[in-house]
Amino acid sequence: MADPRHNTRTAVIIAGPTAVGKSEAALAVCERYGGELVSADSMQVYRGLNIGTAKPTDAERARIPHHMIDIADPHEPFSVAEYRARAEVVIDDMFARKALPVICGGSGLYINSLLYDMDFSGTAGDADLREKYTRLAHDFGNSYIYDILQRRDPAGAEKLHANDRKKVIRALERIEKGGERAGLRDFERSFTAGSLIDPLLIVLTRDRADLYELIEQRTDRMIDAGLEQEVRGLTCGGMPEDGISLLGIGYKEMLAYIRGDCDLPEAIRLIKQNSRRYAKRQMTWFRRWENALFFEIAGKTPVQNVLPELFAVIDAEFPVK
RNA sequence: GGCGCCAUAGCCAAGUGGUAAGGCAGAGGUCUGCAAAACCUUUAUCCCCGGUCCGAGUCCGGGUGGCGCCU
Numbered sequence: 144m145a146d147p148r149h150n151t152r153t154a155v156i157i158a159g160p161t162a163v164g165k166s167e168a169a170l171a172v173c174e175r176y177g178g179e180l181v182s183a184d185s186m187q188v189y190r191g192l193n194i195g196t197a198k199p200t201d202a203e204r205a206r207i208p209h210h211m212i213d214i215a216d217p218h219e220p221f222s223v224a225e226y227r228a229r230a231e232v233v234i235d236d237m238f239a240r241k242a243l244p245v246i247c248g249g250s251g252l253y254i255n256s257l258l259y260d261m262d263f264s265g266t267a268g269d270a271d272l273r274e275k276y277t278r279l280a281h282d283f284g285n286s287y288i289y290d291i292l293q294r295r296d297p298a299g300a301e302k303l304h305a306n307d308r309k310k311v312i313r314a315l316e317r318i319e320k321g322g323e324r325a326g327l328r329d330f331e332r333s334f335t336a337g338s339l340i341d342p343l344l345i346v347l348t349r350d351r352a353d354l355y356e357l358i359e360q361r362t363d364r365m366i367d368a369g370l371e372q373e374v375r376g377l378t379c380g381g382m383p384e385d386g387i388s389l390l391g392i393g394y395k396e397m398l399a400y401i402r403g404d405c406d407l408p409e410a411i412r413l414i415k416q417n418s419r420r421y422a423k424r425q426m427t428w429f430r431r432w433e434n435a436l437f438f439e440i441a442g443k444t445p446v447q448n449v450l451p452e453l454f455a456v457i458d459a460e461f462p463v464k
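Position in the first sequence (first residue = 1) + 143 = the working numbering.
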């Protein structure tokens with residue numbers, strides 16, 4: 144009898160705000176359905192960022208193969224384009240091997256890059272161009288470069304706010320390098336055409352107040368586990384302190400403390416606050432996915448409690464191996 | 001007991017007669033190569049009572065609360 148997975152590109156996606164319990168749920172799904180974990184986390188891709196990114200432990204990684212983790216040098220910038228390209232290879236290989244991809248992570252944009260036909264072709268980032276426009280914006284104001292964009296791509300400009308310098312610059316970069324106009328492209332909200340996978344999109348949630356408590360507890364555990372040493376080790380290695388990887392929550396605050404800009408309790412307070420805000424932003428991102436199935440985990444109880452419910456839904460999609 | 005100062009949103013805070021700046025926190029949202037990033041939107045009738053005035057957060061009297069000084 145043919146395994147229904149043979150002819151499909153079905154993948155399970157487990158998303159949710161930070162600290163909700165995604166990894167545990169994903170591991171359980173992998174074990175039950177013969178899956179392998181594909182991380183969708185913009186910070187776990189960096190080698191050396193372990194404690195602060197709540198990276199899976201060696202034990203967990205021995206249990207189930209993990210992909211898209213530790214694939215980038217923390218000194219080098221990484222991007223969604225690269226993520227999508229590499230994930231595509233990984234996922235295709237899994238389909239060829241009849242393994243179920245269990246995509247787990249909280250980086251909305253990274254997940255979207257797998258769900259939609261995002262076209263990153265041609266117009267790669269250009270450091271010189273970015274620097275040029277950054278200088279112009281700095282010297283003459285954000286509206287100066289926004290005006291340029293308005294002239295060259297009115298429709299694209301309309302979608303951006305003049306103060307969103309980073310995105311305005313990217314839009315200009317695309318026009319200048321590839322001649323394309325952001326305004327001409329838009330993708331559908333449904334993930335059918337162009338998706339790399341046929342997703343079963345699951346979003347884990349918790350009551351806000353409970354989630355916030357879990358976030359704070361986890362932050363304290365990260366501190367106890369030696370986050371400070373981890374950050375010191377990274378910077379000692381000649382790591383530029385403005386590198387992207389050190390912009391992550393837990394890293395930038397610890398760096399401020401190490402530099403003497405604030406005391407430790409303040410750094411911890413900021414890590415907690417930034418994590419809470421991040422969780423909030425994640426939820427607004429996930430709420431936009433119309434086809435997502437939301438599973439609310441009661442209070443601060445372990446994820447295990449929603450597993451039966453979760454399995455029932457996945458079972459309907461395809462049988463246990 | 002006396003004298004003085006203060007009392008504006010969860011916090012800080014501007015405003016000294018003309019119909020409540022700003023910052024922080026919170027909440028909501030945006031998102032096509034830095035996304036754990038970047039950006040946008042949003043929150044009060046001014047401690048209570050009485051008075052003056054066309055009009056009071058702003059002036060006067062009383063009350064309550066806090067701070068400081070004095071005996």
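It is possible that part of the hints are untrue.
[What the hints assert, rightly or not] In silico lysine to aspartate or glutamate, EDC-like type, Cα no more than 20 Å apart, as pairs:
| id | residue 1 | residue 2 |
| --- | --- | --- |
| 1 | 302 | 271 |
| 2 | 309 | 350 |
| 3 | 423 | 341 |
| 4 | 415 | 367 |
| 5 | 309 | 363 |
| 6 | 241 | 231 |
| 7 | 395 | 350 |
| 8 | 395 | 359 |
| 9 | 415 | 350 |
| 10 | 302 | 282 |
| 11 | 241 | 290 |
| 12 | 395 | 219 |
| 13 | 275 | 262 |
| 14 | 423 | 359 |
| 15 | 241 | 373 |
| 16 | 310 | 271 |
| 17 | 309 | 439 |
| 18 | 310 | 262 |
| 19 | 310 | 341 |
| 20 | 415 | 341 |
| 21 | 275 | 290 |
| 22 | 443 | 167 |
| 23 | 415 | 371 |
| 24 | 415 | 460 |
| 25 | 275 | 316 |
| 26 | 415 | 458 |
| 27 | 241 | 262 |
| 28 | 415 | 319 |
| 29 | 395 | 373 |
| 30 | 275 | 225 |
| 31 | 241 | 341 |
| 32 | 310 | 225 |
| 33 | 423 | 439 |
| 34 | 241 | 460 |
| 35 | 309 | 282 |
| 36 | 320 | 373 |
| 37 | 443 | 316 |
| 38 | 320 | 262 |
| 39 | 320 | 341 |
Hints listed in this document are in silico derivations from the structure and should not be mistaken for laboratory results.
As the structure is a prediction and not an experimental result, all values here were calculated from the model.
Subject >> Unsatisfied constraints (hint numbers, rising) >> reply: 1, 2, 3, 5, 7, 10, 11, 13, 15, 17, 19, 20, 24, 26, 27, 28, 30, 36, 37, 39
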